[in-house]
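Here is how the chains run, residue by residue.
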Amino acid sequence: MPAELINKYMREAHLPHIWCPGCGHGILMRDVAQAIEDLGLDQNKICLVSGIGCSSRAAGYMDFNTIHTTHGRAIAFATGIKLARPDMNVIVIAGDGDIAAIGGNHLIHAARRNIDMTVVVFNNDIYGMTGGQFSPTTPTGDFATTAPYGNIDRPFDIAALAEAAGASYTARGTAYHAPLTIKLIKEGIEHKGFSLIECASVCPTYYGRKNKKGGSVELMTWQKENCVMSDKAQHMSKEELEGKLVIGRLSEKDYPEYTEQYKKIIEKARK
Amino acid sequence: MAKKLVINKAWCKGCGICVAFCPKKVLGLKNEKVNIVNDGCILCGQCELRCPDYAIYVEEESNE
Amino acid sequence: MSKRVLMQGNEAVVEGAIAAGMRFYAGYPITPSTEIAEQSSVRLPQVGGTFIQMEDEISSMAAVIGASVAGVKAMTATSGPGFSLKQENIGYACIAEVPCVIVDVQRSGPSTGLPTSPSQGDVMQARWGTHGDHPMIAVSPSSVSECFYKAIRCFNLSEKYRTPVILLMDEIVGHLREGVEIPSVLDVEIINRTVKSSEGHQPYEGDIHEIPGWHLNGGGRYNITGLSHDLSGFPTNSNEITDKLIRRLMGKIEHNADDIIEYEEKYLDDAETVVLCYGGTVRAAMSAVLEARKQGVKVGMFRPVTVWPFPERRLKEISPKVKRIIVAEHNYGQIVLEVERIVKNDCKIDFIGKVDGTVITPAEILKRIKEGK
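Protein chains in written order, with my numbering: chain A, 16 to 286; chain B, 7 to 70; chain C, 134 to 506.
Source of the hints: derived by calculation from the structure; they are not laboratory data. Where hints are given, some of them may not hold.
Once the Cα atoms are required to be at most 25 Å apart in a straight line, the calculated DSS-like pairs of lysine-lysine come out as [stated by the list, open to error]:
1) C:487 with C:500
2) C:399 with C:377
3) A:239 with A:225
4) A:201 with A:23
5) C:503 with C:449
6) C:385 with C:454
7) C:481 with C:449
8) B:31 with A:228
9) A:60 with A:225
10) A:278 with A:268
11) A:60 with A:198
12) A:207 with A:279
13) B:30 with A:239
14) A:207 with A:283
15) C:427 with C:385
16) B:9 with A:60
17) B:39 with B:9
18) B:31 with A:23
19) B:15 with A:23
20) C:487 with C:503
21) B:9 with A:23
22) C:136 with A:286
23) A:279 with A:268
24) B:39 with A:228
Please construct the entire structure, taking both the sequences and the accompanying hints into account.
So, in structure tokens, the structure goes:
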């Protein structure tokens with residue numbers, strides 16, 4: 016018998032999951048479950064949407080209405096679901112390649128519309144499922160199977176990208192900072208509008224190994240020692256923030272929400 | 007209601023995260039599975055929070 | 134009571150779709166299908182439905198599948214370039230068995246081609262555009278009135294067989310304006326998906342038109358995936374289960390071909406020559422056939438209304454009884470390949486294929502009818 020939380024929110028028959036030993040995704044998936052438990056939401060009223068990649072397998076493990084869609088398109092599927100059923104809590108779980116490369120267009124446009132959904136990014140800085148190619152969040156200079164001489168691409172800051180595109184809530188958590196990440200996911204779900212919680216995961220199998228940064232323990236120790244809370248970071252200089260990862264709530268704005276706006280269109284059209 | 011630490015060895019993949027971040031150092035790895043190595047556990051649940059495989063957790067024991 | 138109105142083919146599609154129960158449309162502007170998006174944006178909120186202009190063609194297809202999975206009848210419309218972009222998600226709807234309607238108003242290609250010129254160059258893309266073996270239904274209207282009724286039929290087939298259905302139009306019909314009777318009370322049946330609601334049901338077992346139930350909050354909490362899956366909807370690596378899945382997907386259309394396939398025949402009783410065409414081309418062909426008949430030529434017409442699945446059995450009955458079949462289509466030769474495969478040496482096969490962006494005229498078809506006589 017697993018822990019009560021797991022028993023309630025995971026499809027036990029499909030566990031243990033396929034993720035590698037020490038993969039941060041399992042921790043983050045538990046954070047999502049804990050956030051939903053803390054909010055006391057009805058499981059039948061939650062649609063969990065994922066794309067393709069390591070992170071997307073979460074949809075098969077979590078016991079909600081779940082849909083594992085095509086690569087990069089989770090937010091677009093979720094947009095249709097939310098517009099068809101505005102009463103549903105729509106949660107997207109996506110990876111960094113999934114959401115910021117192939118699905119980048121959907122991310123910025125859903126953020127621009129401020130449609131009510133919560134996107135939880137499991138960001139492991141690498142394409143894991145295909146074996147360790149560099150992703151849009153792989154830091155410059157790092158190594159990957161398709162960056163054998165070092166990555167010359169500059170990485171995206173997914174949370175900042177979403178905020179700039181119009182998301183009304185953005186935050187960043189990590190696999191190490193579980194209580195904080197749970198709190199941020201809760202805030203994101205409760206927030207009316209497009210919310211994005213970028214969660215720094217760890218990929219010991221490809222990212223850690225390729226970059227000689229160690230296993231999960233070393234990667235999570237880095238998170239423990241190098242993260243700065245957003246309220247503290249506000250008072251720090253650019254130099255002081257060099258090499259640090261800012262975590263916590265990053266932005267919260269009051270923009271009109273898309274499905275609410277569309278309700279008004281229906282009222283207008285029916286007059 | 008007492009609490010106890012439970013380990014599901016079948017799900018443990020031996021990553022060592024719980025061992026490394028246990029504040030009381032009560033966990034160890036043996037044959038790539040987590041084990042309780044001393045009785046200093048304070049049931050804080052840090053291991054449960056960071057176990058990617060849901061293989062270790064603090065359970066409420068019913069007194070029945 | 135019905136209302137006679139002057140309407141464009143693209144507009145009639147929207148009216149038909151709404152009559153069929155469409156309450157969600159996601160699309161991206163593309164000539165010559167854009168009026169379908171425009172009209173949907175006007176009409177859907179009037180009936181409590183939702184229109185959204187998405188950021189691209191891919192997301193339009195994705196949103197349509199999402200809405201359908203959530204229980205709402207959904208449609209998108211596009212043309213060649215956009216149809217290409219939608220293909221991956223059309224395949225998703227095939228394997229996940231999500232009903233939805235995709236309108237493709239064909240224009241001249243490849244690539245950007247001649248955006249405002251008619252073509253029927255997407256016939257094979259409609260059949261095989263997405264990768265892997267998959268079933269496909271494509272319906273091709275020839276008049277504005279048919280745009281209305283075939284849109285309804287597409288939704289019905291889609292709901293019944295829980296599969297994506299393509300309304301395969303062409304620019305000729307999409308931009309055609311003619312008088313149509315819009316019935317105030319619908320004279321055709323509307324088919325709605327059957328929804329399983331009880332917990333513990335295997336979502337992919339049982340009747341073909343019972344679809345995974347979570348879209349209506351049945352409490353089943355099903356999983357839907359584009360991966361090969363078992364009857365419970367969860368991914369599998371099993372070769373045996375995958376084989377069953379693909380054969381079931383193909384079989385649900387193949388075994389119901391009689392219910393799905395629709396065709397039209399004119400003057401076949403004594404015909405020595407048969408003009409075979411579909412969509413907008415039917416109009417020119419019909420004029421040519423009527424004119425040839427006036428001149429005493431024994432010619433008839435065979436018109437697949439469902440282009441896919443192709444009315445193979447009926448064509449095979451016709452071909453041994455005639456001397457010649459003239460296939461006329463606005464492409465370099467697509468349906469003619471299917472005709473050759475079916476007819477073999479039963480009769481001569483002649484071909485009129487146009488790829489210059491102009492329409493095939495009645496005179497061109499008439500000339501060919503008379504040439505071979």
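Evaluated hints:
no. : hint             : result
1   : C:487 with C:500 : 15 Å, holds
2   : C:399 with C:377 : 41 Å, violated
3   : A:239 with A:225 : 21 Å, holds
4   : A:201 with A:23  : 18 Å, holds
5   : C:503 with C:449 : 24 Å, holds
6   : C:385 with C:454 : 31 Å, violated
7   : C:481 with C:449 : 13 Å, holds
8   : B:31 with A:228  : 23 Å, holds
9   : A:60 with A:225  : 41 Å, violated
10  : A:278 with A:268 : 21 Å, holds
11  : A:60 with A:198  : 20 Å, holds
12  : A:207 with A:279 : 17 Å, holds
13  : B:30 with A:239  : 17 Å, holds
14  : A:207 with A:283 : 23 Å, holds
15  : C:427 with C:385 : 44 Å, violated
16  : B:9 with A:60    : 32 Å, violated
17  : B:39 with B:9    : 22 Å, holds
18  : B:31 with A:23   : 30 Å, violated
19  : B:15 with A:23   : 20 Å, holds
20  : C:487 with C:503 : 19 Å, holds
21  : B:9 with A:23    : 19 Å, holds
22  : C:136 with A:286 : 22 Å, holds
23  : A:279 with A:268 : 21 Å, holds
24  : B:39 with A:228  : 23 Å, holds
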